[in-house]
Structures are given as C-alpha cells and as structure tokens.
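The task is simple: from the sequences and hints, build the whole structure.
Chain by chain, the residues:
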Amino acid sequence: MWKTWTGLAGAVQRVRASLHPIPYRLASTFLCAPHSARCFSTGRAACKDFIQELEQQLKAFRHKALTAMPGSDWSPQNTTAGLPPERADIVIVGGGVVGWSIAYWLKRKERVRDGVRVLVVEKDPTYSQASTVLSVGGIRQQFSLPENIHLSLASADFMRNINEHLGVLNEDPVDLQFTHSGYLFLASEKGAAVMEENYRTQRDAGAKVLLLSPTQLKEKFPWINTEGVKLASYGLENEGWFDPWSLLNAFRRKALSMGVYQCVGEVTGFRYSSHSMSTTDGDMVAFKRIKYVNVRMPNSLEVQPVECAIVVNAAGAQSGKVAQLAGIGSGPEDSLASVPVPVEPRKRYVYVLNCPDGPGLDTPFLIDYSGVYCRREGLGGNYIAGLSPEENEEPDSGDLEVNYGFFQENLWPLLARRLPAFECCKVTSAWAGYYDYNTFDQNGILGLHPLVNNMYIATGFSGHGLQQSPAVGRALAELILDGGFRTLDLSALGFERIFYKEPVLERNIV
Amino acid sequence: MVPTMRMWPVGLGWTCLSIARRSWSSVSSPPSPLPLRSRMLLFLVQHFHDIEAIVSWSSWLGNWTRQRKNVYYSYAQKQFGSNVAAAFYILNLKGGFRLAGQSDWVRPNAKGKFSLDFINFSDLSIEEVDASGTVINYMGLNNLVSQQKLRCLSLRGCPEVDDWFLSRLHIFKDSLEELDLSGCSRVSVGGLSALHHLRKLRKLDLSSLPRVQNPGLVRILLEEVLPHCHIMGVEYQEGLQSSGAETDIKATSGL
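If you're matching them up, the sequences are chains X and D in order. Note that full-length UniProt numbering gives residue 37 to position 37 of the first sequence, counting from 1, and the numbers run on in steps of one. Note that full-length UniProt numbering gives residue 237 to position 237 of the second sequence, counting from 1, and the numbers run on in steps of one.
The set of hints was computed from the structure by calculation and includes no laboratory data. Treat the hints with care, as some may be off.
A few chain D residues facing chain X, derived, Cβ under 10 Å [stated by the list, open to error]:
(1) Met40
(2) Leu42
(3) His49
(4) Asn63
(5) Arg168
(6) Arg211
(7) Leu226
(8) His230
(9) Gly233
All values derive from a computational prediction rather than experimental measurement. C-beta: ideal position from N, C-alpha, C; glycine also.
Dropping the structure here:
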C-alpha cells in the first residue's frame, strides 16, 4: 500500500507542478512547494493535464487496491511469472495427450477435493514438435496383442462418452470430429495366417472386425487393386480417425478446471537420494528416490526445483533423455541399472494428396501389406498417405524437414499400385512428426521403474499412443492411486520385460 | 506464485445451464447474451462450491435417467425372448413398432400406457420402428441387435442419436431399407460416412441436420456410395456459397 501513497504524493507533486511550472525544480525535494512566482492564469492545457493525470492516477490507485485484495497473485517478492509451485505431489513430465490424460484421471480418482497436487510440465506450449498434434489421428482395434486391443476399445468407449467425461460447465461441448470409417488391413500370402490368428484374438477381445476375401473386397471397394491380396481385415465399429488437437485440448481444459497446475518449462535434472543394498550374490544395487525435479524456465537460466513425491515420465519422443537424467541407463554392465528406457524419436513423413478421381465417402483407413497407408481427409478429394521406412533407411531425426523424394521413390509406386486412381495425384502439402519409438518391441512401457522407486513411465507407444491415451491415463492413475491395475491388467507392458529381454511384440505395426 | 481463485471464461450463448449438454448450433451462430436467470446461476456456480456441486449432480442425474431408459432388458430377454424384449424396450421409450405380418402399429397412448398383447406374438420379429423424438441411443441398440428383419427405422428429431449410433447401424445391413434421420442435431458427416454398410437402403431422409456443413455435397457423395438409395430432404445447392457471385460474373462478361 505504501507504493500507493508515494504514487499519490507523486500525483500531488505533479498537480502542483502543472500549477506552478517554474519553481517546481527548486521544490522537487520538498513535499510542499514554496510560495514564490505563482502563476495566476492556469490556462486550458494545464487544466486538462491535471484532470487526465488525476484520472490516470485514480485508475492506477484502483488497480493497486485490487492487487492488494485477496485473490490476486501479487506478492512483495518480485518473482518470475510462470514459475511452478515449490511443492507438488505428482509431477508429470510432458504435456502431450498422454500426460494430460494422466493428469485428468488422477484428479478424477482422488477421493478428497485437492487430494493430490498434480503439476504438468511442458517445454513447448506451441506443441510445434509434439507427436500428439502431428499425428494422423487414427484409432483401431486391429492389433495382435490383447492388451493393445483392450486399451483401444476402452479409449473408443471413452471418446463415445467424451462429453460426460470431459465436459466443462458453460464451455463448448467437445467435438472430436470422429469419422467412423474403419481400418482396412490387406494381407498377402505370407501374412494371411497371422491375420486370421489376429482376427480370432480381436474377436475374443470384443473388437468388431470382419474378414474379407479378395472377391468380397473387390465388390465392396471396387477402386482397390486386389492383386497380391490374399485376405483383408475390416473394422466395423469403433475405428476411424479424429482430431488429436481437440482431444488434447479437451483433456487439458478439463484437467485445468479440476485444479491441475501447468508449467511451461523444461526438466533439466532430478535430485534424488540413493540407497544401496546388496543382493544375495553380493552385487550392490542402488535404489533411487527422486526428491526434486529441476524445471528450467523458457529462455532463461533460472531453474526452479519442485519438491515432489512421484514423477511420471510421459515425455513422448524425449522420454529416453528424461529417463537418463534420473540415471536410468548408467550403471555397471549387465545390471538392471544399465538398461536404459529404449525410447527414441523416429521421424515419419505424412503427405497430403489431392486426387480428384479418388475413392469416395466410404474410404476406410487403408493399410497395405507393404506398409503404405492412406486415408481420406475431408470431402474435397484430399487424402493423407504415409509409409514407415525400413529399419536401415530411417531418416535423421534432428529436425522435422520433409523429404519429398521419399514420396516419389518409395511411397507413390506402392500407393499407385494398390489404388490405381492415385496414379494422377498431386502432393499439396506434407509434414513430419516423431514416433516415440520403442526400439525394443514397439509397444508401450507402462509402470514403475524397478530401480527409481517413484518414477512411473508411460511412453514408447510407437505410433499408437494417441489412440490409447484415455485408457493409458486411467491405468496409470490406478497404478499411482490404487497401487495396482484395476480395470485392465497391463502388467505385460511393464519395464521388467526390457531387462529380462522378453519382447512383447506387436505384429500389426504401421 | 499460483493464482488462488480459478477464473472460468464465460462461454458463448446457450440455452440451458448444464454441463456440456448445450444445443449443437451451427458454426456461424452469433453469441447471444444469457438471460438474467442463467447469468445469476453462472455467477453463483463460479463463486460457490456447493452450488457447483448441485448443478453437476443435476446434470449427472439427467445422464443417469437417459441411460436407464436405454438399459438392456435382460429379464424380458430371458423370460419372453428377444423379440418381446425389443418391443418392450421401444414401447418404454414411447416409440412405436409394427410386427412383421401384422398391419397395425403398436404404440403407447397419450399417457404413456400400452397393452401387453405383443407378448403373445413372441415369434414375430419387428419390421418397422418409429422412435421419433425418443431418447434412443447407442447402448439402446443392444436391445435391437436381434431384429434382423428391421426394414424401416425412423429417428426423426432424436436428441441422442449421434455418429456412434450411426456407426452401429451396420447390424441391420441386410435388411434396412428406409432410414429417417431428419432433425437429429448430433449427426455429422463422420457418422454419415458409416452408412455405406446399409446396402439395401432405398430411402434416406437427411433434412435439417444442423451439424452437416455441406448437405448438398454430402448428398452427392452418399449417392455415389449408395447408388440405389433415394436421399430426401436435401437439395444439391444447399451449403454452397451464395450463387449471386456467378450472376455478377455473367453480367460483367457480357459487357
């Protein structure tokens, strides 16, 4: 408040200065101006200045009074804006769709109001390189692993009732722009047996999938060239594509309305305490417990340590690096501590094509056995296509520049062979995004790390993280708050399999 | 320093104060100011936790009653068979149906009461269903899955019929011939693209679907996919930009 009074005193000085222009400089050190050489005619200009300055000073006074009232975020210490809180119960590293989904489900499952303080740390609020928003946005249940099928089914259920889950009072309802067109997988001679097995697994898990022979395929979709196709698998329900940005924003808006803290900053390190114990063979194992998360402010060297109880690593393509900050992966050879989180960013290109004679409204998300995929986008004859490159031809993931040569040489021949209408198509635009690629077995890693006692990992989905994000959020919230999985048993996706070198392979990776 | 008071931005105009149940207006509707009662309620909700809780409970209660109407009639299924269970379900929703082989419709009267004569016809399946204005939804279709001879389905003005419901209609792909979707405020192109499964469809009514932006274009694309189907209620020019610009060009080129 004392600032207000000095402000007022300054106002009084200025008012007097406008009335007594000449002696002001002499009187600047005193609060009262001496009576010498008074000007009797104030003039219109001085009068107007006086009124305007008074109005401005009153406005400033009102503003300062408001900040002094409770409910404002003014503090006598001049702190940087946007610092995270000094203490949080759960810190989620990564503000993508998986991170915000976990935050939402944690808040939804807390039994007491403000029971857990959740902080989501995201380094790029524009999401310029985030996998979530650069994703093609498909959801399917045609996996070979039952856990993946259940995760997708649960997520589709969530999205069907999304307004009941993520609706906020007095805000627009959530519109995911879900297109229910289904996925169509094509299999050659080699893959037909695997496809039939997968079909059985999918049916048992509750997915609505249909197997088609080449003649049935040709009858249903006459614009496909069925040469080389032995069997096709078509999803009838709960499959299609949607807008990932809407889902991310819906999760974010609902989580913020439930009281999740958000911070824009980069996690640069962890401060942890270490506790060594020896095994029966005499090897020393170091168990770590993270005490502080160091969050660096954007464009600054300032680092704020956030004291926390639990850390969730949902950093997507950068999760490997974040795990290394906690010392995961650096340890004596052949020990659990030397196994890193095997997630690295892999660049994938997506091309937007315009084909005026292309397939119509019933176009499914077509995935050929050669790996090329294509789906309709909008109603104007635009399509989105892509291809996962071979292991030895992976593009450099330093930046997100698009290589149009890849389309010309690798993608277009395969696409035009399968869909003859695409022989005359035009590339209108393209973009590139990162897969949070699990180099071990291309499936998500969910669960507690065995050596860092309070770090949960939810990453490595290799291209199907977006479609599984609602169910993954729920699973992780159950793990953290209930101590174990309750609705879906995802223990097969834990970190232990990476140490034991038992891959849980997914055969239907796109 | 984190702000202590949570500020909620005031949204655009909507008809009733409930969590995300506002009407699906088209994209270009201008925001209208809320009536005084709604504004007062909004102020109270933003400042008091207990009023916020009461409003969220009332919205939850609305959801619960809608779900109860669409629950699976397992007792009727076990006792009388799937046809009677489906018929009972439709009558409870205040809809009407006509059995295969019979000519009169079975409907509840104005007070919602209906006779249980249809139990005697447990071997006849339902041919036509009129569920206009009812709260039939995706879960309610569990009761109708067994009706594989369903020929006509009228969903005129159903507020709960959305894209997910349409994506499930493939269960009638061998029998459904007439479908009336007019006035369903939640249906959009994403759901209409799932109608290509209905190969036997002959009549489709798509009038007044507020969420479909280009009805004329959608009609053309659907006619390509369902060549034998006659689509009613939509003109080809609907959704196009004003054709006044074309006449201007013609006038200037004539000069």
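So, going through the hints one by one against the coordinates:
1. For Met40(D), the interface hint is violated, the least distance from its beta-carbon to any beta-carbon of chain X being 13 Å, above 10 Å.
2. Evaluation of the Leu42(D) hint against chain X yields a held restraint, the C-beta minimum of about 6 Å falling below 10 Å.
3. Look at His49(D): its Cβ gets to within about 8 Å of chain X, closer than 10 Å, so that hint holds up.
4. For the restraint placing Asn63(D) at the interface with chain X, the shortest Cβ-Cβ distance is roughly 6 Å, inside the 10 Å limit, so the hint holds.
5. Taking 10 Å as the C-beta cut-off, the interface hint given for Arg168(D) holds, the closest approach to chain X being about 6 Å.
6. The beta carbon of Arg211(D) is positioned within 10 Å of a beta carbon in chain X (closest approach about 9 Å), and the interface hint is therefore held.
7. Taking 10 Å as the C-beta cut-off, the interface hint given for Leu226(D) holds, the closest approach to chain X being about 9 Å.
8. A least Cβ separation of about 17 Å between His230(D) and chain X goes past the 10 Å threshold, and the interface hint is therefore violated.
9. Interface restraint check for Gly233(D): the shortest CB-CB distance to chain X comes to about 18 Å, outside 10 Å, so the restraint is violated.
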